[in-house]
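Participant: If you want the building blocks of each chain, they are given just below.
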Amino acid sequence: MISRLPISTVHLRRAITIASFSPSTATQPYPPPLFLRPLTYSAAPSDLAAFRRWATARATVDGPRLESSDGGPGASQLLRELSWLLEDATSQSNGKILMRADLDELYRLWKERIEERKPFQYVVGCEHWRDLVLVVREGVLIPRPETEMLVDLVREVEGFSEGLWADLGTGSGALAVAIGRALEDKGRVFATDLSLDAVEVAGINVERYGLKDKVEIRHGSWFEPLKDVKGKLTGLVSNPPYIPSSDIPGLQAEVGRHEPKLALDGGMNGTDHLLHLCEESATALRPGGFFAFETNGNIQSELIANHMSTKWANCFHNVKTVLDFAGIKRFVTGFRR
Amino acid sequence: MGLLGFRWARSRILLRKFNRSLSLITQRPPYMYPSAATCSPSFSTGTFPQVSSDIMKIVEQRMVEIEHRSAYLLEQINQPAVTAADYSRSNKELRRLGSCMELIKELRSKRKDIDSLKSLISESSEDKEMRDMAVEEFYVAVEEEKRLQNLLLKSLLPKDDADEKDCILEVRAGTGGEEASLFAMDIFKMYEKYSQKKGWRFEVVDIMESDLKGYREASGSISGPGVYGKLKFESGIHRVQRIPVTEKSGRIHTSAVSVAILPQADEVDVHLRNEDLKIDTYRAGGCGGQSVNTTNSAVRITHIPTGMTVAIQDERSQHMNKAKALKVLRARLYEAERSRLQMSRSKLRMEQIGSGDRSERIRTYNFPQGRVTDHRVGITNHSIEGVMEGESLDVFIDALLLQEEMEAIATFTT
Numbered sequence: 001m002i003s004r005l006p007i008s009t010v011h012l013r014r015a016i017t018i019a020s021f022s023p024s025t026a027t028q029p030y031p032p033p034l035f036l037r038p039l040t041y042s043a044a045p046s047d048l049a050a051f052r053r054w055a056t057a058r059a060t061v062d063g064p065r066l067e068s069s070d071g072g073p074g075a076s077q078l079l080r081e082l083s084w085l086l087e088d089a090t091s092q093s094n095g096k097i098l099m100r101a102d103l104d105e106l107y108r109l110w111k112e113r114i115e116e117r118k119p120f121q122y123v124v125g126c127e128h129w130r131d132l133v134l135v136v137r138e139g140v141l142i143p144r145p146e147t148e149m150l151v152d153l154v155r156e157v158e159g160f161s162e163g164l165w166a167d168l169g170t171g172s173g174a175l176a177v178a179i180g181r182a183l184e185d186k187g188r189v190f191a192t193d194l195s196l197d198a199v200e201v202a203g204i205n206v207e208r209y210g211l212k213d214k215v216e217i218r219h220g221s222w223f224e225p226l227k228d229v230k231g232k233l234t235g236l237v238s239n240p241p242y243i244p245s246s247d248i249p250g251l252q253a254e255v256g257r258h259e260p261k262l263a264l265d266g267g268m269n270g271t272d273h274l275l276h277l278c279e280e281s282a283t284a285l286r287p288g289g290f291f292a293f294e295t296n297g298n299i300q301s302e303l304i305a306n307h308m309s310t311k312w313a314n315c316f317h318n319v320k321t322v323l324d325f326a327g328i329k330r331f332v333t334g335f336r337r
Numbered sequence: 001m002g003l004l005g006f007r008w009a010r011s012r013i014l015l016r017k018f019n020r021s022l023s024l025i026t027q028r029p030p031y032m033y034p035s036a037a038t039c040s041p042s043f044s045t046g047t048f049p050q051v052s053s054d055i056m057k058i059v060e061q062r063m064v065e066i067e068h069r070s071a072y073l074l075e076q077i078n079q080p081a082v083t084a085a086d087y088s089r090s091n092k093e094l095r096r097l098g099s100c101m102e103l104i105k106e107l108r109s110k111r112k113d114i115d116s117l118k119s120l121i122s123e124s125s126e127d128k129e130m131r132d133m134a135v136e137e138f139y140v141a142v143e144e145e146k147r148l149q150n151l152l153l154k155s156l157l158p159k160d161d162a163d164e165k166d167c168i169l170e171v172r173a174g175t176g177g178e179e180a181s182l183f184a185m186d187i188f189k190m191y192e193k194y195s196q197k198k199g200w201r202f203e204v205v206d207i208m209e210s211d212l213k214g215y216r217e218a219s220g221s222i223s224g225p226g227v228y229g230k231l232k233f234e235s236g237i238h239r240v241q242r243i244p245v246t247e248k249s250g251r252i253h254t255s256a257v258s259v260a261i262l263p264q265a266d267e268v269d270v271h272l273r274n275e276d277l278k279i280d281t282y283r284a285g286g287c288g289g290q291s292v293n294t295t296n297s298a299v300r301i302t303h304i305p306t307g308m309t310v311a312i313q314d315e316r317s318q319h320m321n322k323a324k325a326l327k328v329l330r331a332r333l334y335e336a337e338r339s340r341l342q343m344s345r346s347k348l349r350m351e352q353i354g355s356g357d358r359s360e361r362i363r364t365y366n367f368p369q370g371r372v373t374d375h376r377v378g379i380t381n382h383s384i385e386g387v388m389e390g391e392s393l394d395v396f397i398d399a400l401l402l403q404e405e406m407e408a409i410a411t412f413t414t
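Chain order of the listed sequences is A and B. Numbering-wise (UniProt numbering), the first sequence opens with residue 1 and increments by one. Numbering-wise (UniProt numbering), the second sequence opens with residue 1 and increments by one.
These are computed hints drawn from the structure, not numbers from a lab. Since we're looking at a predicted model, the values are computed, not measured. Among the hints, a few may not be true.
To be verified - Below, computed lysine-lysine pairings styled on DSBU-like, alpha-carbon distance capped at 35 Å:
| no. | chain 1 | residue 1 | chain 2 | residue 2 |
| --- | --- | --- | --- | --- |
| 1 | A | 96 | B | 213 |
| 2 | B | 159 | B | 193 |
| 3 | B | 327 | A | 186 |
| 4 | A | 96 | B | 197 |
| 5 | A | 212 | B | 327 |
| 6 | B | 213 | A | 118 |
| 7 | A | 186 | B | 92 |
| 8 | B | 327 | A | 329 |
| 9 | B | 278 | A | 320 |
| 10 | B | 189 | A | 96 |
| 11 | B | 327 | A | 320 |
| 12 | A | 111 | B | 213 |
| 13 | B | 198 | A | 96 |
What the hints assert, rightly or not - Some chain B residues well away from chain A (every beta-carbon gap over 12 Å; in silico):
| no. | residue |
| --- | --- |
| 14 | 73 |
| 15 | 80 |
| 16 | 82 |
| 17 | 107 |
| 18 | 115 |
| 19 | 134 |
| 20 | 199 |
| 21 | 242 |
| 22 | 341 |
Built from N, CA and C at the ideal position, the CB exists for glycine as well.
Given only the sequences and the hints, what does the whole structure look like? Please build it.
Facilitator: So, in structure tokens, the structure goes:
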């Protein structure tokens, strides 16, 4: 069988137990992600083929409409998602088809995808990001491909691997886990988030990657829970909510209807949280410390970079904007004097 | 026969006999391994072939050169004032010569043994028992000397560094429309099955389907020890003769599929500088980032100096698409560089098997007659199902490896 999943996920699948998915303070229990469920169901090849045909037809018919309505997925994207759904949900061995969910559920999940515009990542309960497979669910922001680059920017900082790092607004814990994996003996990551959902999901991902002694998750707002490491941080990263409040109703349904507003809304200009981070970084970072923020794009990057170089000029130097792979100024980076 | 004397002329005759017998049976004859010419016992005598004196003279010369070079390098790395760069360079070369030096030491020691046995034989002319024992040991030592000489010769032959590497397989449907695409798919799957039988890892990189679900283009990555060395002969045009599924009147059609095997390059072989790369991703209209939820993380990388472009879209994260694209780009650049180097080498080398000329028609698959013929070694296999199931490719590959080795011996002396 051809494997398309990163090899590292294979042994991690067995590590986690279902018990860790019991509900926290949320009102409804969240089911475990598909790829972590046991293969307790099976299906006849003809039935599975029927599901495939039906799902393909729905994708082909509805895709173009979703795309043109609000920039949603087109047919080809939906078809790719369908193949990944089946990859996560089924397994073939000795000509038998084993499944992690029954066919009824697969039908239900695909309907949710198409009709309710539930994000694919929430449907399967995970997101492939960098070389990781992260558990995600409603209540946490789905890590974006752009954000992958923040980890590369961190790795370019000399001596990063033995330093103390902070991931502010960690969400699913994506940045914290990726940085944590690259650290050596003395390196640590402190990940903060105001949302209890984030604290729970980030905790799951930190545990899955065996990083409990390297990554510490703290509940609270931005730098609030980091008073004990104030002035000692080697570096900090953040992908804070940066969408202007007025833009949120116009977003594609996957984002606007399903992802947490707390993780998206950046106030009137979208810069409320970014500006707060700029100010607090001055005291949080040690001399020579590094910062990297993700922003909403060209205008915001220039604004924040400018802000750092003028209002906080006495605190920071070497402030730069960095392009993402789509050619947009996506990140602002710099160093504490 | 000519100047060489070494029984490669005999090996040629053996190869022809082998070809003929192979047409009748589909099972691989027991003794025909790739290095049969130099290392395994020959058919009739069960001993190792004697390396000709002309070739041995050259081998002796090379032995002395290598011994001197090794000693010099050892001295270099033991200098108190050696720089890190010089140390690592000298050490690397020393390690490369390592296995050769081992053989040389063994051969010299074996020759000493033979000399002492010779004297023992002449001295013990009265003691029959002692003499018999010495004579017996003498013959064993002489055989061992021949074996070592053969191994040493083999290790001195020009080698392709790429033989140890993993490879990228690229299959493209050529002339023949839909039928060619369907055969391209069959060929692609044939290599997948062959790889699995060999215990190699086969990973699909990209597939472009045709209307009838054949493969217009398909590429895969094959990993395992010595993969490229085995599969490199597959580059070229594979021709198929059969009745297409689309054919209503039952006529046989001929179509073609082109196969390219590229050695996978690593950072050391092809160093890609960030400044030379332009990386593009799919851009959803607007700002991207948090405002968009997409599962399209396709990456396209352009190598600016050469204009070469690779686009990968089927991995589930942008990071993985980028990693795969870099892998394919490195392999293509490595291959382009190797072709360029080969063009500038001697004419003889260019005519060798595996020069990678992709427009060369190398094999014909005739389904109605159930046979596959490789035109380079003139071998026909009469179990086309076996070939397509990845079972009988070794028949061709072993013969091609043998031919490559014989040609390498020919260049050794020129």
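Participant: A separate judgement is required for each hint: does it hold in the structure or not?
Facilitator: Hints, one by one, checked against the model:
no., hint, result
1, A:96 to B:213, "holds, 24 Å"
2, B:159 to B:193, "holds, 28 Å"
3, B:327 to A:186, "holds, 33 Å"
4, A:96 to B:197, "holds, 22 Å"
5, A:212 to B:327, "holds, 33 Å"
6, B:213 to A:118, "holds, 31 Å"
7, A:186 to B:92, "holds, 33 Å"
8, B:327 to A:329, "holds, 27 Å"
9, B:278 to A:320, "holds, 20 Å"
10, B:189 to A:96, "holds, 21 Å"
11, B:327 to A:320, "holds, 30 Å"
12, A:111 to B:213, "holds, 27 Å"
13, B:198 to A:96, "holds, 25 Å"
14, 73, "holds, 34 Å"
15, 80, "holds, 31 Å"
16, 82, "holds, 28 Å"
17, 107, "holds, 44 Å"
18, 115, "holds, 55 Å"
19, 134, "holds, 58 Å"
20, 199, "holds, 15 Å"
21, 242, "holds, 27 Å"
22, 341, "holds, 33 Å"
Violation of the numbered hints given earlier is absent; every hint is satisfied by the structure.
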